[in-house]
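Q: Below, each chain spelled out in residue letters.
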Amino acid sequence: MKPYNNKAWWLVLPVFVLVAFSAIIPMMTVVNYSVQDIFDPSTRYFVGTEWYREILADPRLHDSLLRQFIYSFCVLAIEVPLGIVVALSMPRRGLGVPFSLILLSLPLLVPWNVVGTIWQIIGREDIGLYGWILNSLGLDYNYASNPRDAWITVLVMDVWHWTSLVALLCYSGLRSIPDVYYQAARIDRASHWAVFRFIQLPKLKNVLLIAVMLRFMDSFMIYTEPFVLTGGGPGTATTFLSQTLTQMALGQFDLGRAAAFSLIYFLIILLVTWVFYTAMTHNDNKE
Amino acid sequence: MRLRKSLVMLVYLLFVLVPIYSLVNMSFKSNREILGGLTLWPTAPTLDNYRVVFTEPTWYTSYLNSLSYVSMNMLISLLVALPAAYAFSRYRFLGDKHMFFWLLTNRMAPPAVFLLPFFQLYSAVGLFDTPIAVALAHCLFNVPLAVWILEGFMSSVPKEIDETAYIDGYTFPKFFIRIFLPMIRPGIGVTAFFCFMFSWVELLLARTLTSVDAKPIVAQMTRTVSASGIDWGVLAAAGVVALLPGIAVIYFVRNHVAKGFALGRV
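Line by line, the protein sequences give chains R and Y. Residues in the first sequence are numbered consecutively from 4, following this note's numbering. Residues in the second sequence are numbered consecutively from 16, following this note's numbering.
Nothing false has been slipped in among the hints.
Pairs of lysine-lysine residues, derived as DSBU-like cross-links and limited to a Cα-Cα distance of at most 30 Å, are as follows:
{"hint": "1", "chain 1": "R", "residue 1": "5", "chain 2": "Y", "residue 2": "174"}
{"hint": "2", "chain 1": "R", "residue 1": "206", "chain 2": "R", "residue 2": "5"}
{"hint": "3", "chain 1": "R", "residue 1": "10", "chain 2": "Y", "residue 2": "189"}
{"hint": "4", "chain 1": "Y", "residue 1": "174", "chain 2": "R", "residue 2": "10"}
{"hint": "5", "chain 1": "Y", "residue 1": "112", "chain 2": "R", "residue 2": "206"}
{"hint": "6", "chain 1": "Y", "residue 1": "20", "chain 2": "R", "residue 2": "208"}
{"hint": "7", "chain 1": "Y", "residue 1": "20", "chain 2": "R", "residue 2": "206"}
{"hint": "8", "chain 1": "R", "residue 1": "208", "chain 2": "R", "residue 2": "5"}
{"hint": "9", "chain 1": "R", "residue 1": "5", "chain 2": "Y", "residue 2": "189"}
{"hint": "10", "chain 1": "Y", "residue 1": "174", "chain 2": "R", "residue 2": "206"}
{"hint": "11", "chain 1": "R", "residue 1": "208", "chain 2": "R", "residue 2": "10"}
{"hint": "12", "chain 1": "Y", "residue 1": "174", "chain 2": "Y", "residue 2": "112"}
{"hint": "13", "chain 1": "R", "residue 1": "208", "chain 2": "Y", "residue 2": "112"}
{"hint": "14", "chain 1": "Y", "residue 1": "174", "chain 2": "Y", "residue 2": "189"}
{"hint": "15", "chain 1": "Y", "residue 1": "189", "chain 2": "Y", "residue 2": "112"}
{"hint": "16", "chain 1": "R", "residue 1": "5", "chain 2": "Y", "residue 2": "112"}
{"hint": "17", "chain 1": "Y", "residue 1": "112", "chain 2": "R", "residue 2": "10"}
{"hint": "18", "chain 1": "Y", "residue 1": "174", "chain 2": "R", "residue 2": "208"}
{"hint": "19", "chain 1": "R", "residue 1": "206", "chain 2": "Y", "residue 2": "189"}
Simulated from the structure, these hints should not be mistaken for laboratory data.
This is chain R alone, in the form it adopts within the complex:
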């Protein structure tokens, strides 16, 4: 059991001050916007919870929220297991280590607007490799006109872009397992599965918690990549929540309504992340 000592606050204080500076004032400003009807900086009226009620009844929110949940679920369901498999398959020593680390991290380092551009080109059937291959295999693939293709392309793009994050986190988690654990397992003639299930997975729990939460939050707020790739189309097939919000904030100059939307958005992410967090740390508290 960890000792109780309030002096530990002194170690946390710099972080608190630094983050609060950038977090609390903008947050309060947005809360302030969300209860007003703003025509211009000097003409504004207090409207109470009207925006919230209007947004919660808006079918555009319902549609993009549903799309967003399906998308984030798919992202997690593919990227987390794949990331673990990749981390387990990475070499443990030798030249392969820096080599595969660098290659794996490449997608993470591509600026987000360029990620969209790459997939925009590579998916086209006339000038892109993947589009060309799929079409010569006889599949009628076109991400610009077929909603299903657009959706799959955005998903594959995300898997390409972010699985490395899960893999790198898991790999570094695996590296901090002391060798004696493996030696003990070898003496016990444990199977590969047993080693994974009873040694590696429990030790990965901390990094997996971070990976799952990061991937959930970032996929739930995904904006730049699908915006560049498909612009939310065809139709509204890939219009995710953040894009609906941006259309509202910039397209219609509805600052009050957009602020209320942001806060609802924020609360949804907060709620889901909190459920993840509580579920995954539940066992710690019992021990």
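Following the hints, put chain Y in place on chain R, whose structure we already have.
A: The following block gives chain Y in isolation, referenced to the frame of chain R:
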């Protein structure tokens, strides 16, 4: 088993590399060749795109601007996150669990609407259009991440090591720097890399908080869209150049990431 592992790795790396290759490929082509048809390598290789990126001042200064705020951010994030992560991993204190979770909630604010208040805040304190403004703003999502990752690594170091060190007469700062930090080197390496990465590719905040003097590379890239359409080649070349600092960072931290720690060093 080993063969199967290598095969998985190989297939996955291929999946990763094909789009990267197509980016590199594109950066050596003229726009006409890019849009003209599918070619697996440049038929008429040209360095014109790179010439634009390296000789036009708006391009290379934006590159340097990005490097300056990213390295500042990395340094600040690590310096404040290390002691905080230690506190979270070793002690209970008033509001610790709430504080730990609150930190992460700062990654959850959808940017579209928050940009305006950010702009107002940093203009009000006179930091608008400086690299330090972007570095501080990026702390919003990097510091919580750093604390979370480091806390995980610190918690996996047995507490007995701290206790033994104190019995041996180490003071806290001396123990922390001499013994504890070397033990969590993989964690520090990974954290530094993630701070670098998230700050380097972030577009919306960096673009909002700068105009001319501190314009970052990611914002400069969005200017390749002109009346005559997108300048694909220059965009690709800039994308390739933007990969290089990240590769350098991961190369420097590779040993820290790769090295497991040995128990019983104290």
